[in-house]
Structures are given as C-alpha cells and as structure tokens.
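Q: Under the numbering used here, the first residue of the sequence shown carries the number -15, and numbering increases by one thereafter.
No lab work stands behind these hints, which were simulated from the structure alone. Treat the hints loosely; a few may be bogus.
[Claimed, not checked] Once the Cα atoms are required to be at most 25 Å apart in a straight line, the calculated DSS-like pairs of lysine-lysine come out as:
id : residue 1 : residue 2
1  : K7        : K22
2  : K49       : K7
3  : K(-9)     : K30
4  : K19       : K(-10)
5  : K66       : K19
6  : K7        : K30
7  : K66       : K22
8  : K7        : K(-10)
9  : K(-10)    : K5
10 : K19       : K(-9)
11 : K49       : K30
12 : K5        : K49
13 : K66       : K30
14 : K(-10)    : K49
15 : K5        : K(-9)
[Said to hold, decoys possible] Have a look at the derived ranges for each label pair, beta carbon to beta carbon:
id : residue 1 : residue 2 : range
16 : E42       : K66       : 18 to 28 Å
17 : K22       : M63       : 18 to 28 Å
18 : K19       : F65       : 27 to 37 Å
19 : A(-6)     : N55       : 19 to 29 Å
20 : C26       : K(-9)     : 34 to 44 Å
21 : K66       : D(-5)     : 21 to 31 Å
22 : M63       : K7        : 42 to 52 Å
23 : K49       : T(-11)    : 30 to 40 Å
24 : D(-5)     : F65       : 37 to 47 Å
Ideal Cβ placement from N, Cα and C applies to all residues, glycine included.
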Amino acid sequence: MEIRTKKRNADGIVRLETSGKLKEVIISENFLDAKNAKVSLCFRGKSSSGIVDLSFDEINSLFDKVMPNINILKGIKVMEFKK
C-alpha cells in the first residue's frame, strides 16, 4: 500500500509519501444509522504506520469505480524469484 499526500506548512506545500502492508480492515457499523458506517484500513510500514478511514459514501464511490475494471485484475499473477 502506498500513500501520497500534500500538507501545508509555513514553508509552503510539502509532499509526504509512505508505504507499508495492509494489516487490518475494521468495519464499524451503526445499526441505528447505516449511513454512518466506516471502514478503517490499518497499515504498517518500515518507518511509518497509520489508519485510513473511509465513509459509506466513499466506499460506494470506490466500489463503483473499481468493479468495471475488476476483470483486468483477475488475470494478474505475482511471480517471485529467489536470487
């Protein structure tokens, strides 16, 4: 997982990049109000870690954009070779 973000500080805009492995996916549901559901993606890298929270609407938008192209991802194989 790779995360790139921009942050504003006194010097201007600073670009931050980090990467890591997805460790856990937490789904928080509110049974009384389903629109307040939240998905948390927890990641940990070599020198960084964090949580990315996505709302119900953001998950639906992501799903709508990814699903039409899912057939492209099905044919991919990851091959690792030992040196």
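Q: Please check whether C26 and K(-9) have a Cβ separation lying inside 34 to 44 Å.
A: The hint (34 to 44 Å, Cβ to Cβ) is violated, given that C26 and K(-9) are roughly 21 Å apart.
Q: Using the Cβ atoms, figure out if D(-5) sits within 37 to 47 Å of F65.
A: With Cβ atoms ~43 Å apart, the hint holds.
Q: Take a quick look at whether K66 and K19 sit within 25 Å of each other, Cα to Cα.
A: Distance ~47 Å between K66 and K19 Cα, so the pair is violated.
Q: Just to be careful, I want the Cα atoms of K66 and K22 compared with a cutoff of 25 Å; is the pair within it?
A: Violated. K66 to K22 sits at ~40 Å, over the 25 Å cutoff.
Q: Compare the distance between the alpha carbons of K7 and K30 with 25 Å, and conclude whether the hinted pair is satisfied.
A: Roughly 13 Å between the alpha carbons, so the hint for K7 and K30 holds.
Q: Holds or violated: are the alpha carbons of K49 and K7 at most 25 Å from each other?
A: 24 Å, holds
Q: Given the hint that K(-9) pairs with K30, does the C-alpha gap stay at or below 25 Å?
A: With Cα atoms ~21 Å apart, K(-9) and K30 stay inside 25 Å; holds.
Q: Can the suggested window of 30 to 40 Å be confirmed for the beta-carbon pair K49 and T(-11)?
A: 20 Å, violated
Q: Does the hinted range 19 to 29 Å hold for A(-6) and N55 at CB?
A: 48 Å, violated
Q: Hint check: K5 vs K(-9), CA-CA at most 25 Å. Holds or violated?
A: At roughly 23 Å apart (the allowed maximum being 25 Å), K(-9) and K5 satisfy the hint.
Q: Hey, K(-10) versus K49, does the alpha-carbon distance stay inside 25 Å?
A: 23 Å, holds
Q: Note whether the CB distance of K66 and D(-5) lies within 21 to 31 Å or breaks it.
A: Since the Cβ atoms of K66 and D(-5) sit about 45 Å apart, the hinted range of 21 to 31 Å is violated.
In summary, the structure is inconsistent with hints 4, 5, 7, 10, 11, 16, 17, 18, 19, 20, 21, 22 and 23 from the numbered list given earlier, while agreeing with the others.
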